[in-house]
Amino acid sequence: MNPTIKVEQVSKSFGKKPVLNDVNLTIEKGQLYGLIGPSGAGKTTLVKMIVGMEKADAGSIHVLDVPMPNLALLQEIGYMAQSDALYVELTGEENLKFFASLYKLNKEERKKRIAYAADLVNLTGDLKKRVAAYSGGMKRRLSLAIALIQDPKILILDEPTVGIDPELKLSIWNELLRLKNEDEKTIIVTTHVMDEAVKCDYIAMVRDGRILTSGTPNELKALYGTDDFDEVFRKAGVKQS
Amino acid sequence: MRTMALIKRIIKQMVRDKRTLALMFVAPLLILTLMYFLFNGNTVEPKLGVSGVDTSLIKALKNADIKVREYENVTKNTVVDDDLNGLLVQKDGQMNLTLQNDDPTSARGLQAKVNQTVVAIAESKLIQQNPALAGMMPKKIETNYVYGNKDTVFFDVLSPILVGFFVFFFVFIISGIGLLRERTTGTLERLLSTPIRRGEIVTAYLAGYGMFAVIQTCIVVFYAINVLNIVLVGSIWNVLLINLLLALVALSLGTLLSTFAASEFQMMQFIPIAVVPQIFFAGIFPLEGMADWLQVIAKLFPMFYAGDALRGVMYKGFSFSEISGDLLALVIFALIFVILNILSMKKYRKL
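Just so you know, the protein sequences line up as chains A and B, in that order. The first sequence runs 1 to 241 under the numbering used here. The second sequence runs 1 to 351 under the numbering used here.
If you're looking for bench data, these hints aren't it; they were derived computationally from the structure. Because the structure is a prediction, the values reported are computed rather than measured. Just to be clear, a hint being listed does not mean it is correct.
Straight-line C-alpha distance at most 20 Å; calculated SDA-like pairs for lysine to any residue [to be verified]:
#, chain 1, residue 1, chain 2, residue 2
1, B, Lys12, A, Leu127
2, B, Lys12, A, Lys17
3, B, Lys350, A, His62
4, A, Lys55, B, Tyr348
5, A, Lys29, A, Trp173
6, B, Lys59, B, Arg2
7, B, Lys47, B, Glu70
8, B, Lys12, A, Thr161
9, A, Lys235, A, Pro38
10, B, Lys299, B, Leu328
11, A, Lys29, A, Asp183
12, A, Lys17, B, Lys350
13, B, Lys316, B, Pro286
14, B, Lys350, A, Ser13
15, A, Lys97, B, Glu142
16, B, Lys347, A, Lys29
17, A, Lys199, A, Leu177
18, A, Lys16, B, Lys347
19, A, Lys112, A, Phe98
20, A, Lys97, B, Pro195
21, A, Lys112, A, Glu76
22, A, Lys139, B, Arg181
23, B, Lys113, B, Asp103
24, A, Lys111, B, Met4
25, A, Lys29, A, Gly215
26, A, Lys199, A, Val238
27, B, Lys91, B, Val74
28, B, Lys346, A, Phe14
29, A, Lys97, B, Lys8
30, B, Lys8, A, Leu90
31, A, Lys17, A, Gly59
32, A, Lys97, B, Arg2
33, B, Lys67, B, Gly93
34, B, Lys18, A, Thr91
Turn these sequences into a full structure, and let the hints guide you.
What follows is the structure, given as structure tokens:
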């Protein structure tokens, strides 16, 4: 079976500034894939290209065997950007309903998905409140629920745990693991926090638009002879340059 | 379907934002009312001091709605000290008019009145001395008006332009900031990560905010005509049609320019560049009097066509066919802006 996402020799620059340089990734179905690297490494650009919002200058990206960008395929991708991107004048439920109605879902499915997504992120009781009255954590959770609303095969989360408290962080990670294990979703997560790397099935370390190294967390630890991912990252960087 | 969902969302957001609604629906009425009273204030009779002038002239001046005050002696400072608009002094058969000229328009008006009166008195004296001359003097001139009548004031000509300008201004600001907020909060990016088409977003924006523009246009037009009694010679439907097209232009221009603004403050910076000049070219200043290059620039402003059409219908009573050229120009503007809008969203998603 072909991999769910295949990124081949992708390069991208904004103006004269190169952002990604010859990136190759293969992500299998049901994998929780971590893109790890410091801010400005090009992680966001890479995931935006996988979603199809940016176009690669060179190379190719296939999602579910379809070359990206492709409008119809967005039905199968749930994307959560770094900002919460919610309509604060509307209630949580209205936000969910609005985004649900942008996808191909019939009325029955839509209702079910809204109830399911709200329940998943523990917001069922707060759906009638306006988002303006939500706490930061609630907004993040609502944002995650929206990314899941159309029941996509692939979930792409750009820094989902940035700026939230440890408890919520843990609950989001548990949710991601559950989605992966029970619903067989393919999930890409970007983060700059090394201790989140160990929770992924497979990680790629990104710096200056290049993949420094990739593998399962255990493989990388063995390869660089250390238990600490900061150390792995540092050593991989040294080797590269 | 997706477009409908977006329109519904825009309406919901607007309805919950009471202040913005008030700005859109009430503010134009306030300003229009204020302008109405400012321009329709009673004209004050000018005060004229006279010295050494004969009584027949004084009588004639008083008949010409001038407050006359007689002086025995006058000094340089009489005009300023007594706050006179002018001072007419006759000495050794020589007439001398001093104007205060703090307000050039009213000074010129007074000067014209005094001149007319003096000439008329001189004529009648001549005829008294030599009745044979009477037939040679020009008869009193009958004046006919093609548009308006002798009671027409500047506000009657200005008001059609103001009605159009308010529609343009408020629609521009509200739609521009609406889309801008969508950009800055990241919801536009999120929208574009769904299978929605760029054209659907632009259509929804035009339709959603367009509905509020329609309501605003109706309120402004009906208020201006029924409450303020602004002159309307032509059809009200043509007035609405012009304003709706103008609102569409403002809507598409506002959303387009918001692409180039990073914040609400930067959106405001477009007002002096894109909005204020509109009023200069809307017909308040006659196009013929402008320098050639300025005339060319004027034709690049949507308000030029809207102002022309609105004045045509409201003041001159033009029919649809007579304003069709202006309407066509507005349609072309809107089309260009809409297409540019769709293209500019490529910045957020290449597809």
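Okay, the hints, checked on the actual structure:
1. B:Lys12 - A:Leu127: 16 Å, holds
2. B:Lys12 - A:Lys17: 42 Å, violated
3. B:Lys350 - A:His62: 16 Å, holds
4. A:Lys55 - B:Tyr348: 11 Å, holds
5. A:Lys29 - A:Trp173: Holds - the C-alpha atoms of Trp173 (chain A) and Lys29 (chain A) are around 18 Å apart, at most 20 Å.
6. B:Lys59 - B:Arg2: At roughly 78 Å apart (the allowed maximum being 20 Å), Arg2 (chain B) and Lys59 (chain B) break the hint.
7. B:Lys47 - B:Glu70: 11 Å, holds
8. B:Lys12 - A:Thr161: 31 Å, violated
9. A:Lys235 - A:Pro38: The given pair, whose Cα atoms are some 15 Å apart, holds under the 20 Å limit.
10. B:Lys299 - B:Leu328: 13 Å, holds
11. A:Lys29 - A:Asp183: Given pair Lys29 (chain A), Asp183 (chain A) holds - Cα atoms ~11 Å apart, limit 20 Å.
12. A:Lys17 - B:Lys350: 19 Å, holds
13. B:Lys316 - B:Pro286: 16 Å, holds
14. B:Lys350 - A:Ser13: 15 Å, holds
15. A:Lys97 - B:Glu142: Not satisfied, since the Cα-Cα distance of roughly 71 Å exceeds 20 Å.
16. B:Lys347 - A:Lys29: 31 Å, violated
17. A:Lys199 - A:Leu177: 9 Å, holds
18. A:Lys16 - B:Lys347: With Cα atoms ~17 Å apart, Lys16 (chain A) and Lys347 (chain B) stay inside 20 Å; holds.
19. A:Lys112 - A:Phe98: Holds, at roughly 14 Å.
20. A:Lys97 - B:Pro195: Status holds; Cα separation ~15 Å.
21. A:Lys112 - A:Glu76: 17 Å, holds
22. A:Lys139 - B:Arg181: Holds, at roughly 17 Å.
23. B:Lys113 - B:Asp103: 16 Å, holds
24. A:Lys111 - B:Met4: 18 Å, holds
25. A:Lys29 - A:Gly215: 16 Å, holds
26. A:Lys199 - A:Val238: 24 Å, violated
27. B:Lys91 - B:Val74: 12 Å, holds
28. B:Lys346 - A:Phe14: 14 Å, holds
29. A:Lys97 - B:Lys8: Holds: Lys97 (chain A) and Lys8 (chain B) sit about 11 Å apart, inside 20 Å.
30. B:Lys8 - A:Leu90: 11 Å, holds
31. A:Lys17 - A:Gly59: Distance ~17 Å between Lys17 (chain A) and Gly59 (chain A) Cα, so the pair holds.
32. A:Lys97 - B:Arg2: Given that 20 Å is the threshold and the Cα spacing comes to 12 Å, the pair holds.
33. B:Lys67 - B:Gly93: Answer violated: Lys67 (chain B) to Gly93 (chain B) is near 23 Å, above 20 Å.
34. B:Lys18 - A:Thr91: Between Lys18 (chain B) and Thr91 (chain A) the Cα gap is close to 17 Å, so the pair holds against 20 Å.
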